[in-house]
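*Asks:* Letter by letter, the chains look like this.
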Amino acid sequence: MDQIYIPKNRVGFDIGNYVVIKILKDEYIEEPAEKLCFYGINKLEPIKLHIIHEVFRVVDKYTDNLENVIITGSFLEKGFSFNDIDIIIVIENNVKSERISEDIGDKIGVNGHVMILSGKGLIEGLNTDPLYQMMLSRCVAKKRFFYKTRQTINYKLLDLHLLKSKTLIDNFYLLSGKEKYNFVRNMISIYLFLEKKKVTVDSVNKEIKKTFGVDVLEIKNNVLNKKSFLKKYKFVYNMVFDSILKGIEHGSK
Amino acid sequence: MVQNRNKLIELFIGNISNAIVHEILEKAVGKELLADKYRKELASSFEIASRYREKINPVNRPLPDKDVVYIKGRIIARVRAELLIRISKGYENINLGLIESLTDKALSDSMVG
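Heads up: the sequence lines are chains Y and B, in that order. Heads up: the first sequence at position 173 corresponds to 268 in our numbering, and the numbers run straight through without jumps. Heads up: the second sequence at position 39 corresponds to 112 in our numbering, and the numbers run straight through without jumps.
One or more hints might be untrue.
Taking lysine to aspartate or glutamate pairs in the EDC-like style, the calculated list, with each CA pair at most 16 Å apart, reads [claimed, not checked]: (1) Y:Lys-156 / Y:Glu-197; (2) B:Lys-162 / Y:Asp-337; (3) Y:Lys-341 / B:Glu-165; (4) B:Lys-128 / B:Glu-83; (5) Y:Lys-143 / Y:Glu-187; (6) B:Lys-162 / Y:Asp-179; (7) Y:Lys-291 / Y:Glu-302; (8) Y:Lys-321 / Y:Asp-310; (9) B:Lys-80 / Y:Asp-265; (10) B:Lys-145 / B:Glu-83; (11) B:Lys-178 / B:Glu-120; (12) Y:Lys-327 / Y:Asp-310.
What the hints contain is simulated information worked out from the structure, not anything from laboratory work.
Build out the structure end to end from the sequences listed, making use of the hints.
*Replies:* Take a look at the structure:
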C-alpha cells in the first residue's frame, strides 16, 4: 500500500482514508495556459487569471500584428469591487475597440474598457503623463515589455490634468468615496511627477497617507473629516498649481 | 445634505465654469494631448454640474430669464478670470473668444437656457 500526502483539512479526505490513484485521461488535461507577464503584482485570484486569458483570446481574434495587450486598473486590485477591465491594446494598425469591448462584455459579462495605443503613443504617455506611469506600475501583459522612457514635463498638459482634481474642492458632499480617491490620486500623481519621483500605485498611496494623514480606505469608504481634509487638499492643490504656473511662465520665456 | 436653490446654482456655475476652462485649455494644448481615457474614472465637471441641475427647479424646462442672465454672466466672468491667470504667465493659444459660445452651448445642453 502506497501513501499519498495531501495538505491538511482537505474536505472529503480524512487521515487514513483509502483512495484510488488514477491516470487522468489526455482529454481532461488542459492545455498549458499562455504565460502571463506580471508587473507589480504578486498574486491574482484564479478567476481573474481565467478572465485575462479570455480577454487575450478575444483581442487576438480582432487584431493582427499585435505588439502587446496590457490589463491594468482596479480589476487587478484584491477582491471584486471593479467596475470594468482596463485593456490597453498596443498596435500600429487601426482596430475597432467598440467591437472588442462588446465581445468581451458578451463572453465574460464584464465591461471591457479598451484603449488602443501605438507603441510610440504609449512611450509618449509614459514620458509625459504620471497616470500612465502609475497604471503600468501594476499590470498584467501578454508579452514581456520594457519601455525606455525619459520623463518630460509638459506643464500645459499637467495643468489640464490637475484641473480635473479641482472638482473635489467644491463638491465634497456630492462625491462618492471612490470619486474622491480618484481626484486625490490624480493630484498626488502629478505632484510626485513634478518632484521627479517614481509614480506607482504604491508610491501614490503612500504619499496620500503621508500628506493627508488618512488611509486610502478611509477616502474610498467616504468617512473623511471634511474640514481638516479639504484644508490640506486645497493647500496641496494650490502648491501644485503654482508650481505648474511657474513652469509655464519659465517655458514661455 | 439639503442645499438651498441659490447654493445649488452657485455650485452649478462653478462646475460648468471648470468644464469650459477645461475645454478651452484642451484646444490650446492641441495635438500634444494623448488619449486620456485613463482619466475616465474622474467624474467630469459637466457631469457633476448636471447632478446639481437635477436639483434646481424647474427641473424639466429652462430656468427663468433672470436666472439665465445671472448664471451666464457669472460663468463668463469665472472662466475669463481662470484663463487670464494662465495668459498672464505666458500661456499661449488660449482663445478667449470661445467663452461665450461654449457657455451658451453648456447652458443649452443642461437645459438652463
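*Asks:* Decide, hint by hint, whether the structure agrees.
*Replies:* To see whether the hints hold, each was checked on the structure:
| no. | hint | verdict |
| --- | --- | --- |
| 1 | Y:Lys-156 / Y:Glu-197 | holds (13 Å) |
| 2 | B:Lys-162 / Y:Asp-337 | holds (11 Å) |
| 3 | Y:Lys-341 / B:Glu-165 | holds (14 Å) |
| 4 | B:Lys-128 / B:Glu-83 | holds (12 Å) |
| 5 | Y:Lys-143 / Y:Glu-187 | violated (28 Å) |
| 6 | B:Lys-162 / Y:Asp-179 | violated (40 Å) |
| 7 | Y:Lys-291 / Y:Glu-302 | holds (14 Å) |
| 8 | Y:Lys-321 / Y:Asp-310 | holds (15 Å) |
| 9 | B:Lys-80 / Y:Asp-265 | holds (11 Å) |
| 10 | B:Lys-145 / B:Glu-83 | holds (11 Å) |
| 11 | B:Lys-178 / B:Glu-120 | holds (15 Å) |
| 12 | Y:Lys-327 / Y:Asp-310 | holds (14 Å) |
The structure shown violates the earlier hints numbered 5, 6.
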